[in-house]
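Work out the full structure, taking the sequences as your base and the hints as a guide.
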Amino acid sequence: MGRLKTLALAASTAMFAATMALADDHKLKVGMITTLSGGGAGLGIDVRDGFMLAVKLAGGDDMDVVIEDDQRKPDIAVQLADKMIQSDKVDVLTGIIWSNLAMAVVPAVTAQGKFYLSPNAGPSALAGKGCSPFYFNVAWQNDNLHEAAGAYANDAGYKNTFILAPNYPAGKDALTGFKRYFKGNLAGEVYTKLGQKDYAAEIAQIRASGADSVFFFLPGGMGISFLKQYADSGVGLPVVGPAFSFDQGILQAVGDAALGVKNTSQWSKDLDNEANRKFVAAFQAEYGRLPSLYASQGYDTANLLLSAMEKADVDDPEAFRAALKEADFDSVRGNFAFGPNQHPIQNIYVREVIKEGDIYTNRIVATAFENHQDAYAAECKM
Amino acid sequence: MSALLLIEQVLNGLQFGVMLFLMAAGLTLVFGVMGLINLAHGSLYMVGAFAAAAVAAATGSFLLALAASLTAAALAGALVELAVIRRLYDRDHLDQVLATFALILIFSEGTRWLFGSFPLYLDIPDYLSGPVTLPGGIRYPLYRLALIVIGLLVAAGLFLLIARTRLGMRIRAGQSDREMIAALGVNISALYTMVFALGAALAGLAGALVGAIQSVQVGMGEPVLILAFVVIVIGGIGSVRGALIGALLVGLTDTLGGALLPSFFSLFMDPASATSVGSALASMLIYILMAGVLVVRPSGLFGRV
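Protein sequence lines, in the order shown, are assigned to chains P and U. Numbering-wise (the numbering used here), the first sequence opens with residue 1281 and increments by one. Numbering-wise (the numbering used here), the second sequence opens with residue 1355 and increments by one.
These are calculated hints, taken from the structure and not from any lab test. Errors might be hidden in some of the hints.
Computed beta-carbon distance windows for the label pairs [to be verified]:
| hint | chain 1 | residue 1 | chain 2 | residue 2 | range |
| --- | --- | --- | --- | --- | --- |
| 1 | P | Asp1550 | U | Gly1484 | 30 to 38 angstroms |
| 2 | P | Asp1638 | U | Leu1418 | 22 to 30 angstroms |
| 3 | P | Ala1388 | U | Arg1526 | 52 to 60 angstroms |
| 4 | U | Leu1459 | P | Asp1638 | 31 to 39 angstroms |
| 5 | U | Thr1413 | P | Ala1565 | 29 to 37 angstroms |
| 6 | U | Asp1449 | P | Ile1356 | 21 to 29 angstroms |
| 7 | U | Asp1449 | P | Asn1465 | 55 to 63 angstroms |
Glycine is no exception: its CB is placed at the ideal position from the N, C-alpha and C atoms.
This is how it looks when you write it as structure tokens:
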């Protein structure tokens, strides 16, 4: 038995050495797990398209990207991550949209010493005590845009707001973030089901609550259903929300009902910097539609990765991590830096929904926060 | 909680319930008459919604879209019955589950191939949009009110069909004794195709009606299918009346539970945890209801023992 064990150990060491030898001159391999089907498909498709656009503009010959659809199901995301690490031998993972999937996948990935760059989900648990040297968030910590929405609601003079979000980690972060800055009363606080499509019961509660405004965080198809039903209900209170509730993919389906609505975002199509102008033009030329904030996040994620690849080899994790942390790339958001917990420090803007020709889109009307950092950074020990 | 809000939530529950009934009626008929478990029923709901969205986009007419949803789902149902389901009547339930699960995958991928992964949008027609004021000062969306009326009319039509027509008589006879009505000279395979197409058409209609307030997307039928199974288990498998009562019970329990439980818990908890405990419990409520019904009546409310 002892001899067999030694033999097995020797064999596996030899195999390990062989893969190491192969790894020396291989391309960087990226595994992208994202949502490409169902009600959340628009978000994943935008992240993927933004990411692949950056890879293409950079020449695209020193990175292999494996893309798989998680169907917004945590169990499938976990299987895909295992498959990508064990059989595809990826070096870096990215792509997850939903925080409940991120919570299922990211801790396991970073524990195996693989890098994970988040292009979207930023659950508070991974920003504070659960932070990891191998985890970088290129988008935002979940609370951030909602904090800005809370601050904006104060400025707009709302005193009694009804707030709602889906019942999953990002929904809880959303309402926590909003409440951190909002000074008025809450007329009601409701958690809906993730993926819920009928909001009749919630809209009835809003109508009866005596609120003067509504804050909602409902990304993707959920936001479209809510806004259509809200407009049809005739409640008519002003709404405010994060950019996720009014992104480029949602606006076209909702139409006039969204015009004039204020929302908060770290990015907008009209941000005036060279990287952003290039991104917006290239994205339209490549895909024939306007980019959403999800696409901008995918694009920045790829550019961050490309900038780190120029400085270090992924087989030297310490050096690669240092290179990532420098964030030495031209972000479409302008100023971009990582805080101590490897989450962004960035500006957050207030946008307004407008109509340009036949297209509904957003433009920046104010800056909510400058160089804003998340509230969990101090809890991160690494 | 005010009376107005309560009445509005009851209306919401009714609306959800009658839509569930359209879905559950076909499922329970097919199971009652042919003894077949059809997991692909949700796909027929999706087919109806997509047909409606495509026709509405092409013609701009909501009524044509509804007609298209009925026709497309009935045709898809008849086709599936002739090609696949017909071979499964004599097999056991596991084979039926396997084959109809395969049908779900085929329908989903086929629809994705035709229409893409992005959700489609079907708009409420202008004459049904906006709120109306009901007696007592309740403002309620007209379209949802129309859904309740359509659902109840379909239910009434279905009862008349089953109780008063020759086709209905054959359906009831088929439920009681399949071999005997075949021996009496009824063309049983034509009857089966017709029942299957009828169930499919109802599911397709539900898909189109609900698609207009939600969104039309691949995989939209499966969450509803689970609820429809809960409905027919509560109502008693094979009973259309049971399906109606079960659907209304599930619709009301789900809607009122989601609305009332959080405020109930906030009587003795802080608001944030009341909301999370309340909504967690509300999502379990219909399964608790199902378990409760099964304890008292193991074959469902109107099931034959």
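Verification of the hints:
1. P:Asp1550 to U:Gly1484: 30 to 38 angstroms: 34 angstroms, holds
2. P:Asp1638 to U:Leu1418: 22 to 30 angstroms: 25 angstroms, holds
3. P:Ala1388 to U:Arg1526: 52 to 60 angstroms: This hint holds: roughly 56 angstroms between Cβ atoms.
4. U:Leu1459 to P:Asp1638: 31 to 39 angstroms: The hinted range 31 to 39 angstroms holds for Leu1459 of chain U and Asp1638 of chain P, with Cβ atoms some 37 angstroms apart.
5. U:Thr1413 to P:Ala1565: 29 to 37 angstroms: 34 angstroms, holds
6. U:Asp1449 to P:Ile1356: 21 to 29 angstroms: 26 angstroms, holds
7. U:Asp1449 to P:Asn1465: 55 to 63 angstroms: 59 angstroms, holds
In this structure, none of the earlier numbered hints is contradicted; all agree with it.
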